[in-house]
Amino acid sequence: MSVSTTHLVKKSRLQSVSIWLDRDARLGPLMIAPAAILLIVLIGYPFLSGIYLGFTDRIIARSDTGHFIWFKNYLDLLKDNIFQKTVSNTFNYAFTAVFFKLVLGMLMALVLDQVTVLKNLFRGVLLLPWIIPTSLSALGWLWMFQPQFSVLNRLLLDSGIIQDKIIWLGSPFWAMFSVQLVNIWRGIPFFGISLLAGMQTIPQDLYEAASIDGANSWRRFWSVTVPLLMPVTIVVTLFSIVQTIADFQVVYVLTRGGPVNSTHLFATLTYQTAILGSELGKGAAISLFMFPVLVLAVTLQLRYLQRQD
Amino acid sequence: MEPIDRSLTKRLQQGKLSRREFIVAAFAAGATMSGIATALASCAPAPTPAPAATSAASSAAAKPAFPAGSKLAMKLRAAFMPQGNEVLATLIKEWGKKNGVEVAVDIVSMNDLQTIAATAVETGAGPDIIEINQGTAHLYAEKLVDVSSVCNDLAGRFGGYYAAAEEACKVNGKWMSVPRFFAPHAINYRTDLFKKAGFETPPKTYDDLLAVGKALIDAKLPPIGFPVSHAVGDGNDWNYALLWSFGGSDVAKDGKTVAIDSDQTRAALAYMQKLFALMPKDVLAWDDSSNNTAMLAGAISATNNAATIYGAARNQNTQFKTTDASGKEVSAALHTVVGHFPYPTGPAGRVTYGEFMSSAILGYSKNVDAAKALLTYLNEPTQMNPWVAPNLSFVFPPLKAFKDDPLMPWNTNLNLASFKDYADTCHLPGYPSTNFSKGTAAYAKWIVVDMFASVCSGTSIDAAIAQAKTQLTGIYGG
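Those protein sequences? They're chains A and B, same order as listed.
Going letter by letter, the first sequence gives residues 1 to 309 in the working numbering.
Going letter by letter, the second sequence gives residues 1 to 478 in the working numbering.
Okay, chain A solo, but in the shape it has when bound:
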């Protein structure tokens, strides 16, 4: 008797819960809650406190600092020529690298699309640069850039391409070239595999129809592949711009922003200013300078995705 009563009570409770939940306005937020809580705790809070810090003169371990100074950090930074240099470095780094990642990634996708023998092996191997932890692969590159004994200069000298050793990380031009090279090397597979996935959703009969109409392979690429691949390309490119502008590891391992600040990016300058130099407020301001650009990129990306839907 008592057992069945509890059973009944339980059942009715369960029912009432399910009735309560049977409305989108209630169930929806509940389902989103875990992700939202994680985002608020792990991203939202640090982000907001970062914005606040950027408006203060906070210095590590100094209780006489932390005053609200409005936009002073930002105005000071605009006048600071190392910061100006960092801005141009970051855009040079990001746009050059993303351009080459896109072009070479597209090539990789086109080639992989044709490969039928050992398909998975090739795909797996070509993904490696993207899978290996960046700090680890950057260390490998650091050794290869060693100008006196290492493989890059040896190869170039022996094959007669260069006459003098290139001091890869020692001059502003080559240092920027080197960090870009590593970023491109690492980023190509991401483009390649994403674009390949996009290519494989293009219906084969469109290519057949184009062939019957007399289109050669170049024309088929340009008039069928490119337009149909555009949504994937735009999303991947914008995503990569965000990632590349915020890059830290490659530069930190290879040059630490040197020589003479010629490879500092927002993130490495932030680290040097806030952690090594103790100026938390100013460091936060540096890292937030890139925020508008990133917001723009993300907005474009989201708007494009919505239009696709």
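Keep in mind that the hints were calculated from the coordinates and are not lab data.
Check the hints yourself; a few may be wrong.
Claimed, not checked - These stretches of chain A come out as covered by chain B in the derived footprint (C-beta under 8 Å, 3 or more residues): (1) 61-71; (2) 147-156; (3) 167-174; (4) 251-261.
Stated by the list, open to error - So, partial list: chain A residues that the calculated Cβ filter (under 10 Å) puts toward chain B: (5) 100; (6) 142; (7) 201; (8) 205; (9) 273; (10) 274; (11) 276; (12) 278; (13) 280.
Just so you know, even glycine gets a beta-carbon here, dropped at the ideal spot from N, CA and C.
Fit chain B to the known structure of chain A by using the hints.
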């Protein structure tokens, strides 16, 4: 890995040898730390240390002085020679056992230490003791424990501290961090190649160094190479010493006036341009290990460094190719031709940069007394000597009494004699003022090193000084 000499162990067991003498002797014979630790453990109870080494603090620490279950977490800088780290870990473990304190020791790289320290003081959580570099004690003073009692006790017993140690750790008259060690620098050079270039005795002045550099190039021998780059230790060391020895400095004695725009700075920069013309161009990209690698590989003839190139060559028995008397090509042990000489003197004499570490106790620590006792213990000769010996000259104690201690590497190994007077001429960024807090801030931004690097990569001397001046004004004036 040779087993420890039986007779040594026996003498230790009979109490004829103090533990300190045993460890030093066993190391000299090539034993590993784990071997030594096993031998020491087998000889319990420990014989009393030599009377000279007994101190009030260490005898007080003989009975557990701390509540059971006390814990300490400590982050230390990895010394270059791995044996040194092992000794340290063993010594700390021994102390913990004796005093009933559970000590978690973490030996990490210099770069990690800086990040950990910044995070610890900012968040109020982390290790109890952390090793900090240079004048960091000035930056974090507010969050550190006043350790004047420890420092005054040690200074009183062991001859006082060197000026640079005081510059680094004494904030407004209080010791805020316990001086731990200098990473002493000298010029490491290839005695054979210098001879070939016509120099029997090492250069004394910066101009002499230039002459050697030129002679090496003319004789088609490997050039000299000094880092003009963001190498935390070696880069700062070389460039600050050059600036100071030419009489230049970033700040005036008052600690407020930016003094970088001077004839002395111009002379130092002009000298650097001449020196750079004689060096491999990648010195602009060197990190702290690049000059070691280059010298071990025979690619350069001299660089500034601790004695770690000699140490690594000896440890690994690195070979190099040379010719014997009859002109036949033979290989020989590299460490036999790696010598050392003190930094050159400039127009203002010899003023060097102290690459320096100290041990700070964080303000949030719950076991400050235990932390203080441990730091006292570690800096006493009984513990200092077995740690310094295997480190060759990578570590140089900041207490003056150690300089003449017969067990110190520069007194036992002729090749390391140049390190003996190292600490006499050292200073910290901020010198010649006492504004070491701002000096450390300028150091953290690489202002001096970047100034030298930019005149090497084509910027004019005036433009480089102007750039440094703007940055320094932001620091010292702000």
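Consistency of the hints with the structure:
no. : hint    : verdict
1   : 61-71   : holds (count 3)
2   : 147-156 : holds (count 3)
3   : 167-174 : holds (count 6)
4   : 251-261 : holds (count 7)
5   : 100     : violated (23 Å)
6   : 142     : holds (8 Å)
7   : 201     : violated (45 Å)
8   : 205     : violated (55 Å)
9   : 273     : holds (8 Å)
10  : 274     : holds (8 Å)
11  : 276     : holds (5 Å)
12  : 278     : holds (5 Å)
13  : 280     : holds (7 Å)
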